[in-house]
Amino acid sequence: MTPSACDKPAFSTMEVCGSLTVSLREFGCEQSLLSRPDGSASFVQGDTSVMAGVYGPAEVKVSKEIYDRATLEVLVQPKVGLPSVRERSQEQCVRETCEASLLLTLHPRSSLTLILQVLHDDGSLLSCSLNAACMALMDAGLPMSCLFCGVTCAISTDGQIITDPTAAQEKESRALMTFAIDSAKRSVLMSSTKGSFSVHELQQCIAVSQKASEKIFQFYRDSVKRRYSKSL
Amino acid sequence: MFSTVKERVGEVLLPGDEFSFEAEENISLTAPVKSEKVVCGPGLRRCGGRLVVCKSGVLRHKEPNVFWIDSQQRRYVPAKGESIIGIVTAKSGDIFKVDFGGSEQASLSYLAFEGATKRNRPNVQMGDLVFAQFLIANKDMEPELVCIDSSGRANGMGVFGTGGLLFRVSLGLVRRLLAPQSNIRSDLEQLFPCELVVGMNGRIWVKSASVQQTLIIANLLQSAETMTAQQRQQLFRKVQQGAF
Numbered sequence: 001m002t003p004s005a006c007d008k009p010a011f012s013t014m015e016v017c018g019s020l021t022v023s024l025r026e027f028g029c030e031q032s033l034l035s036r037p038d039g040s041a042s043f044v045q046g047d048t049s050v051m052a053g054v055y056g057p058a059e060v061k062v063s064k065e066i067y068d069r070a071t072l073e074v075l076v077q078p079k080v081g082l083p084s085v086r087e088r089s090q091e092q093c094v095r096e097t098c099e100a101s102l103l104l105t106l107h108p109r110s111s112l113t114l115i116l117q118v119l120h121d122d123g124s125l126l127s128c129s130l131n132a133a134c135m136a137l138m139d140a141g142l143p144m145s146c147l148f149c150g151v152t153c154a155i156s157t158d159g160q161i162i163t164d165p166t167a168a169q170e171k172e173s174r175a176l177m178t179f180a181i182d183s184a185k186r187s188v189l190m191s192s193t194k195g196s197f198s199v200h201e202l203q204q205c206i207a208v209s210q211k212a213s214e215k216i217f218q219f220y221r222d223s224v225k226r227r228y229s230k231s232l
Numbered sequence: 233m234f235s236t237v238k239e240r241v242g243e244v245l246l247p248g249d250e251f252s253f254e255a256e257e258n259i260s261l262t263a264p265v266k267s268e269k270v271v272c273g274p275g276l277r278r279c280g281g282r283l284v285v286c287k288s289g290v291l292r293h294k295e296p297n298v299f300w301i302d303s304q305q306r307r308y309v310p311a312k313g314e315s316i317i318g319i320v321t322a323k324s325g326d327i328f329k330v331d332f333g334g335s336e337q338a339s340l341s342y343l344a345f346e347g348a349t350k351r352n353r354p355n356v357q358m359g360d361l362v363f364a365q366f367l368i369a370n371k372d373m374e375p376e377l378v379c380i381d382s383s384g385r386a387n388g389m390g391v392f393g394t395g396g397l398l399f400r401v402s403l404g405l406v407r408r409l410l411a412p413q414s415n416i417r418s419d420l421e422q423l424f425p426c427e428l429v430v431g432m433n434g435r436i437w438v439k440s441a442s443v444q445q446t447l448i449i450a451n452l453l454q455s456a457e458t459m460t461a462q463q464r465q466q467l468f469r470k471v472q473q474g475a476f
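Line order of the protein sequences matches chains R and E.
Going by our numbering, the first residue of the first sequence is number 1, and it counts up by one from there.
Going by our numbering, the first residue of the second sequence is number 233, and it counts up by one from there.
Simulated from the structure, these hints should not be mistaken for laboratory data.
For each residue, glycine too, the CB sits at the ideal point set by N, CA and C.
Where hints are given, some of them may not hold.
[To be verified] To spell it out: a stretch of chain R is covered by chain E in this simulated footprint if at least three of its residues, at any positions, have a beta carbon under 8 angstroms from a beta carbon of chain E; those stretches are:
#1 57-65
#2 77-89
#3 104-118
#4 217-226
In isolation and in its complexed conformation, chain R is listed as follows (with noise of 0.2 angstroms):
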């Protein structure tokens, strides 16, 4: 989707093309894969792929308890080598992004622990880890006001906004952005932005990113419904 002009001064009122098409890698995902965490699940986008494990609510140290909300510690484990900085970013985002949406005032004095493993990274890393997140989460059947997911929209250099950039595509955009996007009223809960760009292509990027997270929450409920599909 091309803007009509970049020196146009940005309006309150957004014009989206009403026939946009938003372009996502293909996705996968599978549900309850460990079978030591309370809940897991991997979700792959295109060639990047992710694994999550939850465990919780279970036994906090003393020192880490909060007396009327769950504590949430989110990891993120690199493929290769040790966590760094950019892991604990991303593990700022991911537990900024589950604190808004789980219902922790119902397990107080007690620890919930999200494990996130980069399985293959080929780009929108961040987006990937929410959708994962997000269903680990369901799985592990904690109680959520709401669901979310992740959207990495890239800017490229003659103003194109690609969703679901591959790695080479990140490498030549000039702003990347990742926006966490919730079920009920489809607002932004977590944006992660890197690059410049201006106010009014912030504000295509949200709303391609809202359009896009349609999508995935449609594949969500697929797949949901397919697990208890099952006659037990």
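Keeping the supplied structure of chain R fixed, place chain E upon it in accordance with the hints.
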């Protein structure tokens, strides 16, 4: 709202799905007001004037007006009145600390056994298995267990388990085993005679005539979690024919 909830019984719902009160077009001033009551079970929460789903699963209904979400879970969250299998981990003063697989350990007073007095203490050691039920179990307080019912009788609860095998299964399988007309239980009865203690926290203790039979039953129950009824009956029949 009762009708909107009822028509979605049997559907798979996700967290965030909601049911709201439908505004009536004509409110009659003369007819008596029909008060609808909807009882929400696990997985459903009331948020202002809406009913919101907070776990993913199948919506179930029991007459006259009870609704709940049937979800598959592995981690147990204590609820009052449920009977569980716990392991005694510590003896501190007048209470035992019992681990039942939840976020904290429950306390079990030594007087909460049948026929226990201050002079006549129950014979409970560290590492023993106890079958107890929750007296206090909410999110704000430490959970408390008792091994007697409200009239002071043991009713099957207390220390058990000389020999036998304790293993973990999912909560859904335990609920299916404890249901009134349980297919799994009736299939199991036709296999070998065995002693079975089922805790709602996903723990099952089984003891049979020989160690081999005990292991067979444990393996069958663990693998019956994800099988359909037909596959399970096939497997049980195979085991019966090749039984030792």
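Indices of hints not satisfied (ascending): Failing hint: just 2.
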